[in-house]
Every structure is written in C-alpha cells, then in structure tokens.
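Protein sequences appear in the order of chains A and B.
Just so it is clear: in the first sequence, position 107 is 107 by this note's numbering, and no numbers are missing.
Just so it is clear: in the second sequence, position 156 is 156 by this note's numbering, and no numbers are missing.
A portion of the hints provided could be inaccurate.
Listed below are the simulated EDC-like cross-link pairs for lysine to aspartate or glutamate, each with C-alpha atoms no more than 16 Å apart in a straight line [to be verified]:
| hint | chain 1 | residue 1 | chain 2 | residue 2 |
| --- | --- | --- | --- | --- |
| 1 | A | 241 | B | 173 |
| 2 | A | 175 | B | 154 |
| 3 | B | 37 | A | 117 |
| 4 | A | 7 | A | 91 |
| 5 | A | 241 | B | 20 |
| 6 | A | 53 | B | 157 |
| 7 | B | 67 | A | 103 |
| 8 | B | 67 | A | 117 |
| 9 | A | 61 | B | 70 |
| 10 | A | 108 | B | 144 |
Treat the hints as calculated values from the structure; they're not laboratory data.
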Amino acid sequence: MRTLDTKKIEEAVYRLALKAGTTLTDDCVFALGKAERKESSLPCKFALETVLKNREIAEEKLMPVCQDTGLAVVLLEIGQDVFLTGKPLDEAVNEGVKRAYKDGYFRKSVCDPLTRDNTGDNTPAVIHTEIVSGDEVKLTFMPKGFGSENMSRLYMLTPAKGVEGIINAVVETVKLAGSRPCPPVYVGVGIGGSFDTCAFLSKKALTREVGSANPRADIAAIEAECLKRINALGIGAQGFKGDVTALGVSCEVAPTHIAGLPVAVNIQCHCIRVGKVVL
Amino acid sequence: MKKLTLPLSGADVALLKAGDAVSLSGVVFTARDCAHKRIVELLDKGEKLPFDLLGATIYYAGPCPAKPNEAVGSCGPTTSARMESFAPKLLDSGLRSVIGKGEMCDEVKKALVRNKAVYFAAVGGAGALYGSRINKCECVAFPELLSEAVYRLEITDFPVIVATDANGNSVFE
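With the hints as constraints, model all of the structure from the sequences given.
Right, dumping it as structure tokens:
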C-alpha cells in the first residue's frame, strides 16, 4: 500500500492544464508539418501555415493556442495499491483546474446546460477514474474544445454491419462535420462496450499519440482504412477543399454484447493538447 | 496578400472573390450565440442596439481574458454555423461582413448576396496569432456574458480567406 496525498494530484492537474492550454503535443506539430508540406490546395496550405505560426506565437507568449481552452477532461488510472489521503479526489482535480484557468488567463467555458449561466471558473472538470493494478496514478489532462466535440456521433450498429459498418460510421461522421470542427481533425473511435463505455473509449483513443497504431493488427487496419477514406473526402484544412482532412484515426476496443456493435466517433480539432504524468 | 480596412466600403466588397487571401485591419465587434440571441431580440422589439450595425463587421469569437498590460487574450474564430439562424436578420439590418470559421447555410448565402455582403473565414485554432493582432478591446454590451459579451476590437493584419463573396461563390463548394 502506498499513500498519496491528493494535493499532489491537484498540483499535477494545475501544471498539466497550464502547459496543455498553451502547447500542442509534439506528435501534433509533426503531423501538421507533414500535412502542410503535402497539401496542394493554396487556401488549405495558407490555413496550415497560419496554424503552425500560431503555435510558435502561443509558446513564445504563453498564450492559449486556441481561445477555446475547453472543457477540462481528466483521466485517472489509479493503482489499487494506492491509498489517497487529503481532500476528496474530485475537489483536488477541480481546484487544480480552477487555479490553472485563472493563472493562465484561459477562457472559462463551462455553463449550465439550460440557463447558460457560466460557472465562472471552468469547473467542474469531466473526471474519468479507472482502478488498475499497481501503486501508481496515471494522470492525463485534455482540454477539449467544443467546435469538434459538437460534431461527434455514436452509432448502435447491428453485428451484421461488421468492419465495413464501422468504417462507414467513422467516415460519415467526418463527412457530416465538414468544415465545422476545424479540420484537419484527429478522430477517436470507440468500438464495442456499451452505449456509455463506447463513448469513453472514443475519448480515450484521442489521448494516444497521433500516428500511433493499435497493437491489434485488425484494428490498426481499420484505423488505416478510415484515414485513407477520410482524406479522400477532400474537405481539407478548415474545409477549404484539400488533401488533408484528418491527421490520424485511433481506435480503442472493448468486448460488447452478442446483439450489438456500438461505435462512437469523437472528433478532435487540429489543436491537439494532451498532458500526461505518472504519480 | 490584399490589405483591407474595416469597415468595408461597397466597392471593397465588390472586388472580393471566394478563395482570396486577405489581411484585415480596423474595427470589428465580437458576438457569439448568447449575444446574437439578445441582439435579435432587440431588433425584434425595435430597440436601439449597443453598436451601429450599418456597414459593420461582426467577428464570431469569444476571447480569453487579457493578461496585465495586454488588450486581450487568445481570440480566434468560433464555428459560424451556430449563428446561421441569426445572420440573415443582421445582414438585412445593415451588417456588411462577418468573420468566422466553417461553412454557413444557403439562407446566409442568399442574405449575403442580396445585401452585397461578405463572409470571411479566419483560421480556427489560431487564437494566439489573432489575439496578438488585437490592439484594443472594450466591452460594449452584455458584460455579464463574460467571454460571450460584445467587444469592440481594433485589429491589425488579420489573415483571412474570402469564404463567401457577394456573388454567392463559396470556398467550401
């Protein structure tokens, strides 16, 4: 048994949130550079050049890369041999978010769904906890913008639809989203599980590095085929009609019921901001 | 890149073609979902608006807060499609250009054509670049909406693409 004060989690959330808001991940920058070199459409090239220039300004001036500093999504894999002490976990996470969004001069984008009253401090965060083996806590912080979140979809396919049905669902989601989610997008796909876990898997898929492949060969093949077909749509950066519509597709799978084939497609814009730490 | 000063003249608009890259300087007003709802309510009631729409430019944006000694924080465009139900009414009331990101529906395109107005697409996700090109920012209405309030911005060299021109041609088609 290892004891961990949740104050350490709060501090980690604070640091990761501050950094994530102002920095793109290395794999994102690499993928954007590759897209810019490959792109043949002039307006799309203009958009990609602007995005790469923006990232330099953001890092230099410590400004948020995008003004949509997102809903704070926090994934915690907690080893079952860890004993958490101090303030309750959700309070610690939310305190870290609150402080980071204040000190970073980030936009507060959380509101009541009906009255639309802003909570004023970007809390509550969306917190996912999983209990795993071991005595460590793996913390992932992802500020999730909503231009892209709004374009996400969930399908409850019949098993007969199979692999082709999964690919069609992914490509259809990106096609329907068109220019709206700030392409080139990163596509997170959940396959299997139940209605709720499938959506969670699609979010988790977005925490993987862009360009990484699922270790299961059949799943990696679906990722590659989806990416090929999405880029054949010709939507292009910002929807200006071009060669690169997606930077990558990541799929995560879980066993499901014999009667179903849930597929969740979570869209991430080209501003991929993810921070990770092991405590 | 062609340089233009806002507010645009009718002659400026007439020369713009979908797909052109343009650098914009001058005055714009921000408005997003909540502010649009309120502006349209004021128009419907025949009440005075917080700023003059005639010839004006609306920027679909909600900035990050300013750091000390800065005008504003990051301030890129938000998705224009969410303002589709409001845009025709505002264009018919004198608005000459809008700046946002992503395609807008046919009703907006028709309103742009009949009012000889233009829709510019800024690059979504480039908030730091746009924010650093805003020299002045003042809240002119609905301060309780925080980032969703209406701000009057003075901008310099905003890189944009002509998304839909006054003849209805679109970069998205």
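Hint check results:
1. Annotation: proposed proximity of residue 241 (chain A) to residue 173 (chain B) holds, straight-line Cα distance about 8 Å (limit 16 Å).
2. Proximity of residue 175 (chain A) to residue 154 (chain B) is assessed by CA-CA distance (about 36 Å); at most 16 Å being required, the pair is judged violated.
3. Our distance criterion of 16 Å between C-alpha atoms is met by residue 37 (chain B) and residue 117 (chain A), whose separation comes to about 15 Å.
4. As the CA atoms of residue 7 (chain A) and residue 91 (chain A) are separated by approximately 10 Å, the hinted pair is consistent with the 16 Å bound.
5. A threshold of 16 Å between alpha carbons decides the hint, and for residue 241 (chain A) with residue 20 (chain B) the separation of about 14 Å falls inside it, so the pair holds.
6. A threshold of 16 Å between alpha carbons decides the hint, and for residue 53 (chain A) with residue 157 (chain B) the separation of about 14 Å falls inside it, so the pair holds.
7. Taken as a hint, the residue 67 (chain B) and residue 103 (chain A) pair is honoured in the structure, with Cα atoms around 9 Å apart against an allowance of 16 Å.
8. The hinted pair formed by residue 67 (chain B) and residue 117 (chain A) fails the criterion: a straight-line CA distance of about 24 Å is larger than 16 Å.
9. For the hint pairing residue 61 (chain A) with residue 70 (chain B), the CA-to-CA distance comes to about 11 Å; that is within 16 Å, so the pair holds.
10. Proximity of residue 108 (chain A) to residue 144 (chain B) is assessed by CA-CA distance (about 13 Å); at most 16 Å being required, the pair is judged to hold.
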